[in-house]
Amino acid sequence: MDRAESIPYDRLVDRGPILFAQTLCLLVLVLRLVGSSAWDLGDGALHYLQARHSWQHAHLFFDQWAKPLYVLLGSSFAQLGGWGMTLFNTLVAGATAILLIALLRERSALVRWAVPILLLGATQYFRMVISGMTEPLFGLITVLCVYFLIRERWAWAMVTLSLSPWTRPEYVAFAPCAVAFVLYHRQPRALLWLLPIPLLYLATGLLVLGEKFWLFAKDPYLGNTAYGQGTLDHFLVRSPEVLGVPLLCLAAFAVPLLGALFWRDLQRRAEHATIIWLAVVPVLGIWMIHSYAYWAGGHASSGLIRVLATTVPLTVLFTAHAWGALLPMRMHRWTCVAGGAGGLALALWVQDDLRLRIPLPAQADTEQRQVALAAAEARQHLLPGVRIVSGHPYFAEVLGLDVWDSTRVRPQQELDRRNPGEWLEPGDLLVWDHQYLGEDGRFDLQVLLDDPSLVLLSCNSGGSAWGRYPFMICLFQRSDTPEHWTTDTIADLSHGLAENVRTNGVGCGSDTLALLCSFGDEFPVTFKPLEACTDNDPYTEWIVSYRLQVGEQGTTGLHFVLTEQVADSTTSYHQIDLGADTGEVRFPLGRAPGGALRGIYLWNESGSTFSADRMCLVRRCLSQN
Numbered sequence: 001m002d003r004a005e006s007i008p009y010d011r012l013v014d015r016g017p018i019l020f021a022q023t024l025c026l027l028v029l030v031l032r033l034v035g036s037s038a039w040d041l042g043d044g045a046l047h048y049l050q051a052r053h054s055w056q057h058a059h060l061f062f063d064q065w066a067k068p069l070y071v072l073l074g075s076s077f078a079q080l081g082g083w084g085m086t087l088f089n090t091l092v093a094g095a096t097a098i099l100l101i102a103l104l105r106e107r108s109a110l111v112r113w114a115v116p117i118l119l120l121g122a123t124q125y126f127r128m129v130i131s132g133m134t135e136p137l138f139g140l141i142t143v144l145c146v147y148f149l150i151r152e153r154w155a156w157a158m159v160t161l162s163l164s165p166w167t168r169p170e171y172v173a174f175a176p177c178a179v180a181f182v183l184y185h186r187q188p189r190a191l192l193w194l195l196p197i198p199l200l201y202l203a204t205g206l207l208v209l210g211e212k213f214w215l216f217a218k219d220p221y222l223g224n225t226a227y228g229q230g231t232l233d234h235f236l237v238r239s240p241e242v243l244g245v246p247l248l249c250l251a252a253f254a255v256p257l258l259g260a261l262f263w264r265d266l267q268r269r270a271e272h273a274t275i276i277w278l279a280v281v282p283v284l285g286i287w288m289i290h291s292y293a294y295w296a297g298g299h300a301s302s303g304l305i306r307v308l309a310t311t312v313p314l315t316v317l318f319t320a321h322a323w324g325a326l327l328p329m330r331m332h333r334w335t336c337v338a339g340g341a342g343g344l345a346l347a348l349w350v351q352d353d354l355r356l357r358i359p360l361p362a363q364a365d366t367e368q369r370q371v372a373l374a375a376a377e378a379r380q381h382l383l384p385g386v387r388i389v390s391g392h393p394y395f396a397e398v399l400g401l402d403v404w405d406s407t408r409v410r411p412q413q414e415l416d417r418r419n420p421g422e423w424l425e426p427g428d429l430l431v432w433d434h435q436y437l438g439e440d441g442r443f444d445l446q447v448l449l450d451d452p453s454l455v456l457l458s459c460n461s462g463g464s465a466w467g468r469y470p471f472m473i474c475l476f477q478r479s480d481t482p483e484h485w486t487t488d489t490i491a492d493l494s495h496g497l498a499e500n501v502r503t504n505g506v507g508c509g510s511d512t513l514a515l516l517c518s519f520g521d522e523f524p525v526t527f528k529p530l531e532a533c534t535d536n537d538p539y540t541e542w543i544v545s546y547r548l549q550v551g552e553q554g555t556t557g558l559h560f561v562l563t564e565q566v567a568d569s570t571t572s573y574h575q576i577d578l579g580a581d582t583g584e585v586r587f588p589l590g591r592a593p594g595g596a597l598r599g600i601y602l603w604n605e606s607g608s609t610f611s612a613d614r615m616c617l618v619r620r621c622l623s624q625n
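Position 284 of the sequence shown, counting from 1, maps to 284 under our numbering, and the rest follow consecutively.
Any given hint could be a false lead.
Derived pair list, reagent style EDC-like, types lysine to aspartate or glutamate, alpha-carbon separation capped at 20 Å [what the hints assert, rightly or not]:
{"no.": "1", "residue 1": "K528", "residue 2": "E584"}
{"no.": "2", "residue 1": "K528", "residue 2": "D492"}
{"no.": "3", "residue 1": "K528", "residue 2": "E541"}
{"no.": "4", "residue 1": "K528", "residue 2": "D581"}
Everything labelled a hint here was simulated from the structure, so no lab data went into it.
Using the sequences and the accompanying hints, generate a full structural model.
Following this line, the structure appears as structure tokens:
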């Protein structure tokens, strides 16, 4: 080929895609640094804490939930702060992209340029990289193992594979394929290299933990039913949120294309079979295992779609391999022009889909801001000798707490949920939030509020929720300072309409005692705005009591909804269904975000006909004397 008619191979094919991949990884790190979002306030913050404090608590290097290899490799980066784990993951993603490009060396250069776009453009993979999560490291381990297997570096492949159990539990779908591949190529001796690292790690764990079978005894997944169950097609339905629409479409086409290539491309049948066995089969296996685990329950699966980010690197591999078979190998001028146009179109498609699902650069959401406010309040009371009970990982990250330091932090398991205050020392702090101490820890907020030995110092709420209420985080202190409740009737339809009440119903006539009749109105009653308690009152509870006369359909389709519109015009909705025609609903709230406008309305979703004999709105405020 004339050099004047082609692009130099080494510059365009080898260096270009690699440099492009590293540039995109650097861009991810920049997006993390310029945005104010901490991204993942739960497991992301927890993994950061585990890596950061592992040097002081050696047992974290053997914690299956923490992912031992992630802790080992990421602990140095964690000392930089939360963004250090993003730096670690960008290096992991960059290494993954380089390996994928190397594996596709026998394919068109166009697909090698597409690899970084598809990899970092996959929605959940991008989110896991920028959040500092564990899934990208597992993806690197699988791709590195595949690289060694294809290069017939059997010992190195098995050593790499032996690291996968310390990375993520998805190894159960990948490892059998890798081992079978080695046996198929008649290399049984290579399997011995699966033993050294696990034996060394188990022996070290025995010395540190004092337990022979700690790997199995401390498995956090087996028999864990804390998260319930879901539908079998849960992950399939949400696949566009996992891979992003571009990669999903290309991968869906690549699977049958690989089958066709296997049967028709006899010259490269072995190559196609290798990709099918080492990439397609493990990817399908991981999707199926997670689907079954969530459907069956008992495997600590809460249906989080982020876990399938582990499949993205192998998905990119088989997708690029299949599409590469349709593209020319040599790069002439016209192929460069056409390829450049196609690559630009792909990049625009990917970034448009990614930005549709993830606002970039991401800013702190309401939960993050409320947790930061609670941490700032707690810092004022966290004096020497004071211990704190908290379940929210990001709260500990903001406060700089070592949650495994028993001199500063008290495990929630030591408290009696019926009267937790009695188990605390004077001055100790307890931080309650909806998810970690509420839903997961089973601490009832009302029990804490009624405990005479606990004083509520602050309560902040707003934004999205874990359940039907706005997210709320409350700071309690063990103290004998008295508190009291103030109760006010804000609106009572039997006394006429107040200024903050709007009705779309009609009068019911003189032959009935009903106060309001609704003939299918979607929003028959609205209470808005809701005036909060004074700034010194940390907690407010809004109570709507009602008595309705409903038809045969009952209260199905009737809901009371709390709305909250913050200063940036973002509105959140929190719905409580009416369980009976007579009763009350309660909305517990802390201090609202600055400038928030709150309201409560009755939503007649089903268009039912009903009448209201009683409807009253009461506000209860908790104050310190």
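Hint-by-hint comparison with the structure:
| no. | hint | verdict |
| --- | --- | --- |
| 1 | K528 <-> E584 | 18 Å, holds |
| 2 | K528 <-> D492 | 14 Å, holds |
| 3 | K528 <-> E541 | 15 Å, holds |
| 4 | K528 <-> D581 | 23 Å, violated |
Checked against the numbered hints above, the structure breaks only hint 4 and satisfies the rest.
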